[in-house]
Every structure is written in structure tokens, then in C-alpha cells.
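Use the sequences and the hints to build the structure in full.
Okay, here's what each chain looks like letter by letter:
Number of protein chains: 2
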Amino acid sequence: MRKRSFADINCPIAQTLELIGEWWTLLIIRNAFCGMCRFDDFQRHLDISTNILSARLQRLVASGILLRQPAPDDGRAVEYTLTDKGRALYPVLLAITQWGETWAPHPDGARLQLLERASGQPVAGLAAVSHDGRSLPLADIDLQPGPAADAKTHHLARLRQQQAKG
Amino acid sequence: MRKRSFADINCPIAQTLELIGEWWTLLIIRNAFCGMCRFDDFQRHLDISTNILSARLQRLVASGILLRQPAPDDGRAVEYTLTDKGRALYPVLLAITQWGETWAPHPDGARLQLLERASGQPVAGLAAVSHDGRSLPLADIDLQPGPAADAKTHHLARLRQQQAKG
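Order-wise, the sequence lines are chains A and B. Letter 66 of the first sequence, counting from 1, is numbered 66 in our numbering, and no numbers are missing. Letter 139 of the second sequence, counting from 1, is numbered 139 in our numbering, and no numbers are missing.
Be aware that one or more of the hints could be misleading.
Copies of one chain are not kept apart here, so a pair can be met inside one copy or by any two copies together.
Said to hold, decoys possible - Lysine-lysine pairs mimicking DSS-like chemistry, simulated, CA-CA at most 30 Å apart: (1) K152 / K85; (2) K85 / K3; (3) K165 / K152; (4) K165 / K85.
No lab work stands behind these hints, which were simulated from the structure alone. Fair warning: this is a prediction, and the values are worked out from it, not measured in the lab.
Shown next, in the form of C-alpha cells:
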């Protein structure tokens, strides 16, 4: 059975999942962030079937997340590299990494550490930046319907308000 | 074909996707964040088949992300609520929301806005907090292998270093 598309769900989370939510896709993006760019390298590193890898790469190119172009050093070879739209997924990867290290940890310690590049020190956590440049704990951030929200989003927002009062 | 499990991939991103990466799962979690807790409400709001919803909820309960318990006001009804492990996914939802609003936008504007709860102002973006409390742009954060990293993770890290030098 073909999986139902989320394209008609008017929600930024559904729209993002529509583009990057298929099985394998975020692992392909993870590897692309590390500079992996050749089909065979993805295939070997992920141990993924060639038809699934091919479908996922095609979809990422069609979505503008990966750019497909001839390799600079060998015009017969093809390379896949992240576009600006793809590189903008870095916060998503960081948030997922942090959750996985905290809530699905390995007994021997971290597999991946979030480090401050300049100091090499582990970061304490993720935060938001206010409109005037203050650092805000993520718990102080609210998700509220905007001008393009539909009835389903407004329904969720009302539930959330009731929950906050309750 | 049963989808390949990521359980044997020693990476926090793969481990997280193993728990929340199935189609529909993050939309169920989105709704749970808004206080939705009944099977029928999820089913109607998401327009999802009962067997898929049932499988996803069971998996989330087994993973410790949702708690399944009798409704306080009606012991024959069952409610699903987020545990601490589930609520810890908030940064993931915020990062995905922000990406979706920026890179898969609606022509009429935002569907969901990230607002500072106290002021109601839109947040400027996500950031990290350093070990000594400074706000760090996410571009200043590096992902580096930790003590539990395997050969595949070290391979990716070497690629990334080469990329940074190139």
C-alpha cells in the first residue's frame, strides 16, 4: 500500500515530514551533512537497497534539499550535495541527536556529542533567541496558529489552551 | 515488506527515528502536545486508519513516550498522555516547525508561529546554550563522535573534517 501523503495537511510539521519523513531520508541527510556525496558511498555506509536509495535521493533532489550535479573531478560521476534548504535542517538534526543521546542512550556513553566549535566544550542544551536577542528556554516558546492556520490547527490550539488552564 | 529496523545502527539519530520516525508518529505526538488524548479524537483529527493508529500508539507506549491509562473521569475510557521522555521531544517539534514555515511555507503566511510566551513576540530562531550559559548560534555547534561511537560514525566524522578543511 502506498503511504498516504501529508501534502494536503496544512501544518508545517506535516509539510516537513512530507519532504524528509520517509524511512531512511534523515540518515541520508545526516551523511550528506558530513560531506558524503556519491551514490555508492551512501549505499555501502547505510547498507540500503539501491532502489530505495535511488527513490529517496530523487525525492530529495525534487524537493530542492539535495543538488545533483556532475562531480567536479570526474564528469561521468554524479554528486549529491545539500542546498541551503538542506543545510537549514541542521537544527532538526541537532534536536534529534540531543534527544537520542538523552532518551535512547548507549551504555558506554555518547555516540555523538554536541560541542561548541570554538572551545570543544559540550553544549548545555538548545534554546531560542527572542526578537531582541535574548536567549529563551524552549519551554518559554509557544506554538500559536498564524494567518494561514486551518480549522484543524485552531482546534489543536484550543485544546492546548484548555490544557494550559487545566 | 516490513521496513528495516534502525535498532542496530549505533547513532542517536537512527535510534530516535527508530522510536518516532514512522509515518504518522510525529503527527500523533504533535496532537498529544496539544492535549489530545483519546483514540477516537486522534483518529478523527488525523483521518488515519484505526489499525495504523493503534499500532503507532502501542509502539509509543512500549517506547515510554506515551503513557496509557484509564481516563480520570471515566474508568472505562483510555487516555494517552506524553511522559517526560515524550515531552522532551519539544525541541524536535520546534525545529521541524521552524523549518517547515521557512522552507515549505504557505502563501498566506504562517500556519504555526513560534512565539515567546511572555511577550507574544515571534522568536528570531533557535540557538544552543554553552556550558557556561552563553547563547551560541547553531552554526557554531559541531557534532563529534563520543566514547560509544562506532567505526561508521568515525568514518562520517573523518569525512566531515576533510570537508571542513577543503
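* To do: With 30 Å as the alpha-carbon cut-off, assign the pair K165 and K85 to within, between, both or neither.
  => between (38 Å within a copy, 23 Å between copies)
* Same-copy or cross-copy closeness of K165 to K152 [CA-CA at most 30 Å] -> Only inside one copy: K165 and K152 sit 20 Å apart there, 48 Å across copies, limit 30 Å.
* What label fits K85 with K3 when the C-alpha limit is 30 Å: within, between, both, or neither? -> Both, since 24 Å and 27 Å are each at most 30 Å.
* For the identical chains here, do K152 and K85 meet the 30 Å Cα criterion within one copy, between copies, both, or neither? -> both (27 Å within a copy, 26 Å between copies)
In the structure shown, no violation is registered for any of the earlier numbered hints.
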